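Participant: Next come the chains, spelled out residue by residue.
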Amino acid sequence: MTPHLTHEQLCDHLLNSTPQAAHESGRLELLREHLRDCSICAADFASLNESLTVFRSTATAWSTREWNRAKANAVSQRLAPARPRSFMPAALWTAAAALVVSATLPFALHRTPPATPKTPVAVVHTATPTNQSDEALLEEVNETLSSSIPSPMEPLDDPTAGRPNQSNNQRKN
Amino acid sequence: MSTDAIASNLISDMQPPLAEQATPFDDLDTVVATHQQRIFRFLLASLREPDVAHTLTQETFLRAWTTRNAFRGECSIATWLTRIALNLLRDHTRTQRFRFWRRVSTSAVDATEIAAFLPHPDSSLDSRLIASEQMALIWQTVTKLSERQRSVFLLRFVDEMELPEIASATGLPLSTVKSHLYRALAAIRTRHNATRETL
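Protein chains in written order, with this note's numbering: chain A, 27 to 199; chain B, 50 to 248.
Honestly, the hints are just simulated from the structure, not real lab data. Among the clues, some could well be false.
To be verified - Restraint-style ranges between C-beta atoms, simulated for each label pair:
{"hint": "1", "chain 1": "A", "residue 1": "55", "chain 2": "B", "residue 2": "239", "range": "36 to 44 Å"}
{"hint": "2", "chain 1": "A", "residue 1": "72", "chain 2": "B", "residue 2": "107", "range": "36 to 44 Å"}
{"hint": "3", "chain 1": "B", "residue 1": "71", "chain 2": "A", "residue 2": "65", "range": "30 to 38 Å"}
{"hint": "4", "chain 1": "A", "residue 1": "30", "chain 2": "B", "residue 2": "189", "range": "23 to 31 Å"}
{"hint": "5", "chain 1": "A", "residue 1": "30", "chain 2": "B", "residue 2": "100", "range": "42 to 50 Å"}
As the list claims (entries may be wrong) - From the structure, some residues in chain B lie toward chain A, with a derived Cβ separation under 7 Å:
{"hint": "6", "residue": "86"}
{"hint": "7", "residue": "89"}
{"hint": "8", "residue": "90"}
{"hint": "9", "residue": "93"}
{"hint": "10", "residue": "94"}
{"hint": "11", "residue": "99"}
{"hint": "12", "residue": "101"}
{"hint": "13", "residue": "184"}
{"hint": "14", "residue": "186"}
{"hint": "15", "residue": "194"}
{"hint": "16", "residue": "206"}
{"hint": "17", "residue": "207"}
{"hint": "18", "residue": "231"}
{"hint": "19", "residue": "235"}
{"hint": "20", "residue": "241"}
Unchecked claim - Here are a few chain B residues that sit away from chain A, every Cβ distance over 12 Å (derived from the structure):
{"hint": "21", "residue": "111"}
{"hint": "22", "residue": "115"}
{"hint": "23", "residue": "127"}
{"hint": "24", "residue": "136"}
Given the structure is predicted, the values throughout are model-derived calculations rather than measurements. For every residue, glycine included, the Cβ atom is placed at its ideal position computed from N, Cα and C.
For reference, chain A alone in the conformation it holds in the complex:
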């Protein structure tokens, strides 16, 4: 045997598996004897064994905590007041529908003008005479306002108006 235990020998003792045969049983007994006599190997073994024990403890504590938490969640879900199950899906569907409509509406509106291309042309055709008549009317009103004599009194302004031959006849006489 080497002065100290090899890694495999230390592991064999650590695993402490049930010896499968008599020679294994004798070998494990030799390892125990060495550990009793060698303080370095004993310290090495104790340190590793303690670490593995603590490792197992943390794993157990952690899994117990997670297990209990899952159980508590399950119980709280069971005890929670019944909520309409269809609420969330309905709300989600409504939101999705609103999103689709808002996304497609601009495209639909954008496509509308090509569908009615003649309407502006018709407006242009009818708008031109309307504008002309409007302008003529406004010009007439403007002239009427700007004239010093109102149109009903115009005959009085020129007494000869409407009788052009009368003056000539007077001159002849």
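Guided by the hints, dock chain B onto chain A, whose structure is given.
Facilitator: Okay, now just chain B, sitting in the frame of chain A:
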């Protein structure tokens, strides 16, 4: 074929199947109550994701129930369940989806968080911190082991299964199980000694 032969065949087809053989899994409540925490502990330590561990634990018992007729009693129920859990674990961890989420996911519990479960009833704050740091390093080392080494290591040192049981559950020869344990322990010893020297 004679008419009598055809008639006898038809009658045998119409007869109800023989009663299924009783298995230990018929009393599923007892089986679940006895083994589910141990299976969950192993899956949680392997995956470090509580939700997935819960799902796979349930899946383990569901599969045990559906395949209960294949249980011949050649191994213990614990070994049989462990074998199912190992298969599910392997199937789950080998999917591309799992590998992708393992890379990007934050749901896996960090080794430092696991080390926080270290039992330290009467120790001082300094010694607790040192012990926590050592434990985090061991968990990190276990994470870096190969899939098979990690499974064997956890079955031995978390579930405290005997080596022949592990060999039966994993389908590996006993010598291979020992080799995996030697390598896993070598990695842990190296890391453990390095941290002791640093601290």
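Participant: At the C-beta level, are residue 72 (chain A) and residue 107 (chain B) separated by a distance inside 36 to 44 Å?
Facilitator: holds, 40 Å
Participant: Just to be careful: measuring from the Cβ of residue 235 (chain B) to every Cβ in chain A, is the smallest value less than 7 Å?
Facilitator: holds, 6 Å
Participant: Using 7 Å as the Cβ threshold, decide whether residue 231 (chain B) counts as touching chain A.
Facilitator: Holds, about 5 Å.
Participant: Look at the Cβ atoms of residue 55 (chain A) and residue 239 (chain B) and judge whether their distance stays inside 36 to 44 Å.
Facilitator: Since residue 55 (chain A) and residue 239 (chain B) have Cβ atoms about 28 Å apart, the given range 36 to 44 Å is violated.
Participant: Is the shortest C-beta separation between residue 241 (chain B) and chain A less than 7 Å?
Facilitator: holds, 6 Å
Participant: Cβ-Cβ distance between residue 30 (chain A) and residue 100 (chain B): within 42 to 50 Å?
Facilitator: About 46 Å separates the Cβ atoms of residue 30 (chain A) and residue 100 (chain B), which means 42 to 50 Å holds.
Participant: Let's test the interface hint: is any C-beta of chain A closer than 7 Å to that of residue 90 (chain B)?
Facilitator: holds, 4 Å
Participant: Given residue 94 (chain B) as an interface hint, is its Cβ closer than 7 Å to any Cβ of chain A?
Facilitator: This interface hint holds because 5 Å falls under the 7 Å limit.
Participant: Just checking, residue 136 (chain B) versus chain A, shortest CB gap more than 12 Å?
Facilitator: holds, 20 Å
Participant: Close enough to count: is the Cβ of residue 184 (chain B) nearer than 7 Å to one in chain A?
Facilitator: Cβ of residue 184 (chain B) sits 6 Å from chain A, so the hint holds.
Participant: Taking 30 to 38 Å as the stated bounds, is the beta-carbon spacing between residue 71 (chain B) and residue 65 (chain A) within them?
Facilitator: violated, 57 Å
Participant: Please check whether the beta-carbon of residue 111 (chain B) is more than 12 Å away from every beta-carbon in chain A.
Facilitator: About 17 Å separates residue 111 (chain B) from the closest Cβ of chain A, which puts it past 12 Å; holds.
Hint check: violations occur at hints 1, 3, 12, 14 and 15; the rest are consistent with the structure.
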